[in-house]
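Participant: Sequence:
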Amino acid sequence: YDPATAGEMDLLSTPVTRHLLQRAVTLDAVALLPNAPATAQRIVDHLLDQRLPDLAGVGRQGAMNVRFLPGGVTILPLLGQDNADLAVVIAARAEDVQYWLEQVAPVNQAPVVAVTAAAADPMLRPYLDSGQLAGLVSGFDGGYHYAELMADAPEPGYVQAMRQQVAGQNYGILAILAIIALGNLAALLFGRRHDG
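Counting with the working numbering, you get residues 1 to 196 for the letters of the sequence shown.
Treat the hints as calculated values from the structure; they're not laboratory data. Remember, predicted model here, so these are calculated numbers, not experimental data. Treat the hints with care, since some could be wrong.
Unchecked claim - For each label pair, taking beta carbons as the anchor points, the in silico distance ranges come out as:
| no. | residue 1 | residue 2 | range |
| --- | --- | --- | --- |
| 1 | Ala167 | Asp129 | 24 to 34 Å |
| 2 | Leu185 | Arg67 | 15 to 25 Å |
| 3 | Ile176 | Val25 | 38 to 48 Å |
| 4 | Leu78 | Ala187 | 38 to 48 Å |
| 5 | Pro37 | Leu177 | 38 to 48 Å |
We put the CB at the ideal spot given by N, CA and C, even for glycine.
Turn these sequences into a full structure, and let the hints guide you.
Facilitator: Right under this line is the structure:
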């Protein structure tokens, strides 16, 4: 994902990355955007800098291999040749996950989990329902609930940041509902008069 979507995507990718690091797996981050390797490294460094008890055994060296592959979606079929036990696709757009599911997943047969922005969720639900996606974490709500499920020792400030995002989203929904209700009330009371 790019800097324009980092606000939402960082909050989503952090608990998933933490969970993978807890499992002591080697992360092989493959990026198709030039700035994505730095983003991936920043997330891992942030988690390791917190000195969380569940990540005490994780060292900086070997925690993650980062590669940038220029060429965009045309390079994806080559990634299918890499052996992986699990593919976690972190992308703001549904199309990026769809490209992976169509071009890489059939070749390497690894289960795919998608971590996406909320806007991508409706387009990816059919893939989850059909079993092509093994899991889907989307939007602030999805990230918040994932972090709660994994939170033996929550990262300082993370749960609070997620609660603020969810609360802001809920207040926005309430404001929209209030505007709709007021508009309907105004239409009912001051409806159009027909001069006849």
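Participant: If a hint holds in the structure, say so; if it does not, say that too.
Facilitator: Verification of the supplied hints:
1. Between Ala167 and Asp129 the beta carbons are some 30 Å apart, a value that agrees with the proposed interval 24 to 34 Å.
2. The given range of 15 to 25 Å is broken by Leu185 and Arg67, whose C-beta atoms sit roughly 58 Å from each other.
3. A hinted range of 38 to 48 Å for the beta carbons of Ile176 and Val25 is consistent with their spacing of about 41 Å.
4. Checking the proposed 38 to 48 Å range against Leu78 and Ala187 shows it is violated: the Cβ atoms sit about 58 Å from each other.
5. One distance hint, 38 to 48 Å for the beta-carbon pair Pro37 and Leu177, holds here, with the actual separation near 42 Å.
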